[in-house]
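Knowing the structure of chain A, use the given hints to seat chain B on it.
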Amino acid sequence: MPYNVGLIETLSMLMIITSVAAVESHNLKRAAAAYALQALLICGLILAFAAGNPALYVWALTAFVTKAILTPWFILRYIAKTGEQEVPAIIGFGPSVAIASVILIAFYKLTHTYVHVLAPTPEAAAGVFRTNLAVALTVFVLGLYAILSRRDAIKTVIGLCLLENAVHLSLVSLAPHMRETALIGIATEVVVTVYLLLYVIAGIREKIGTTDTYELAELHW
Amino acid sequence: MEESASVLTQWVFLAPAVAGLLAWLSGRARRELAETFALLGAAAAFLISAVVASRVLGGAVLIGWGRELRVDALSALLVLLISGVSLPATLFAIRYMRHRRLLDSQGNDVTEARLPGFYGMYLLFLATMLWGCVTNNVIMLYVAIEATTIFSGLLVAFYWDRRALEAGYKYLMLLTVGITFALFASVLLYASATPYLEGENAMLISELQGVAALIPRSVAVFVVALFVVGFGTKAGIAPFHPWLPDAHAEAPSPVSALLSGVMIKMAAYALARTVTIFFPAYAALTVFVVVLGAFTMLLGGIMALVQDDLKRLLAYSSVSQMGYVIMGLGFGTYLGVYGGLFHLLHHAVAKALLFLCIGAVIYAASARSMSQLGGLGKRMPVTAVCFFIGAFSISGLPPFSGFMSKLTIFLAGAQAGMWSAVGIGIFTSLLTLIVVMRAGQAVFWGSPKASGISVEAVKEAPASLYVAMATLAAVTILLGVYPQLAYPLLNKATLSIASVLGH
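From first to last, the protein sequence lines stand for chains A and B.
Be aware that the first sequence starts at -4, since it is given in this note's numbering, and climbs by one per residue.
Be aware that the second sequence starts at 22, since it is given in this note's numbering, and climbs by one per residue.
Calculated directly from the structure, the hints in this document are not laboratory data.
Any given hint might turn out to be false.
Said to hold, decoys possible - To spell it out: a stretch of chain A is covered by chain B in this simulated footprint if at least three of its residues, at any positions, have a beta carbon under 8 Å from a beta carbon of chain B; those stretches are: (1) 23 to 29; (2) 109 to 119; (3) 198 to 206.
Even for Gly, the Cβ is constructed at its ideal location relative to N, Cα and C.
Isolated chain A (complex conformation) (with noise of 0.2 Å):
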């Protein structure tokens, strides 16, 4: 194999503990930068994934613009002008710690164990391409994990991302041959949405001053 199998483990674990610390930090600051150095550890992922299959570099670049560079450049823009402390989540710091702590653990023994179960190809469910599916899985509960439990609506941009890095990720176990302008098509569109959301929430913090996502309660039944 010609893939390095202790590195793509080390970059896999460690992409796990920054979506728990993009989720977890109260400081949007540090979260943007949590978020940041995942994307990174993503476009080294991919890179390594790259040693068997070349096709991958250039789905590396694109995640390296959209996620390394300019998502986390309107995110901490956009922090420039309204502060850094988010609006509280409605689970305290410790306990929601645990929760993720829970969630991570639990649904990657899960599937890791059961990866069969969703794997369409025997290769997909052997080896690095195990730990890959089963680490997106989690990044992606982790995702939506954060965007149904923080208030702030910024945190929720970020818990955003995170789901689509998940299945970005799951990309280099599922659809290694997948062309380019797919591939920058899905990419561009993330970011473009990103920047749509934040441009909208800036518009609702001019108007009531908040970001507080449980203020936006103007619209109901």
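Then chain B, alone, in the frame of chain A:
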């Protein structure tokens, strides 16, 4: 069926896209230029769609960009529907969008400056919807649907007030999260097809149909579930619908007509394209889809009943009507799919009509709550007549299109022996009738309930508005009286799904 290469498959969405860019760029000089490009773009899309549809009716399947784009009868139906509803909606938009003055934070009038951007996004929104219906690539289907969210996101938040911003945030966030599930499903589907199909072919929907039965059972279950969540969110299927009433109500009325009229139909099309390929191998799926449809129609109907805001009422009614479409598709039989597609066609026309009528009411009276309005019937007879045509039609009364489409779905349900589904369908029809009659009575009879509105000051909407409404009203009557007009295209479209079902 004969596949023939045609450049029309790309121009059907490139034409409005180019017009959109031109409207955006040139409109900075003159707003009228942007409006002209908007009308030209919508008209071009409609003309090309009509040509495409007539060629497909002649027995051809059009392909383009290799086999990346593929227009069979189902695609042709959707393309014709989307561009056909967009044309009157665009005509409506011209006068309507000039009417409400937009102010920036300093209180300056910025209407002129913002309209070119509006038409640019509006046409790109239209173009991406059309693209989604002609692409044959399951990954690009995701890309196109997410692109419709991107281009319509700022249209939803266009008025930039508290309610519009809130709706815009929910719209962008929920739809993007939802559609990510569909991306995962698309990728899984592609990956699981790679052992059976050469390279790029594993992404082509037309090829995937043939291998769906070979995909491992557990993976197939995941794929279907993820597609239902992903495209179902976009289609407004309960319980993934909460974004819909907010977005459809807060967007400018011509945009609401597109969102409720055609955008959710395009998502239903995506469901029909992807989920139904698993029907032959997994018969239990059909029951699941029917239950989902019944739940959606009932919930939407009940929620519509408690609304005061007319646009929210119509939006919930859209949720409810999507339930019928999903139920029809769920029956999986020829008659069921035919009914589902007929209902999709009917609802696109009727709901766009109703949103335009409420738009005309907002134009004339600057209010949209039942508790404020009243007595407008005498002053706005054309709008009132159009509203009641649309209202009767979505309630399923003869001789309007909704009667025919619902009847087909009920017959299909009876044929499949699913009487409880038929019962829920009929009950929801009655609910819908109550909802829209109450709304019509509150707006057009009696006298205004809010002090700020005087009937004497209200004038009928200008000609371009009621021409748009009357056109759609005429179509819904036509389809009700001569349902066989739609038969050739609907029949072929149904067969393009039913052939998958093994009938």
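Taking the hints in turn, this is what the structure says about them:
Restraint check on the region 23 to 29 of chain A versus chain B: 0 residues with Cβ-Cβ distances below 8 Å, three needed, restraint violated. For the region 109 to 119 of chain A, the proposed coverage by chain B is satisfied: 7 residues have a C-beta within less than 8 Å of a C-beta in that chain, meeting the threshold of three. Coverage of the region 198 to 206 of chain A by chain B holds [criterion: at least 3 residues with CB-CB distance below 8 Å; count 5].
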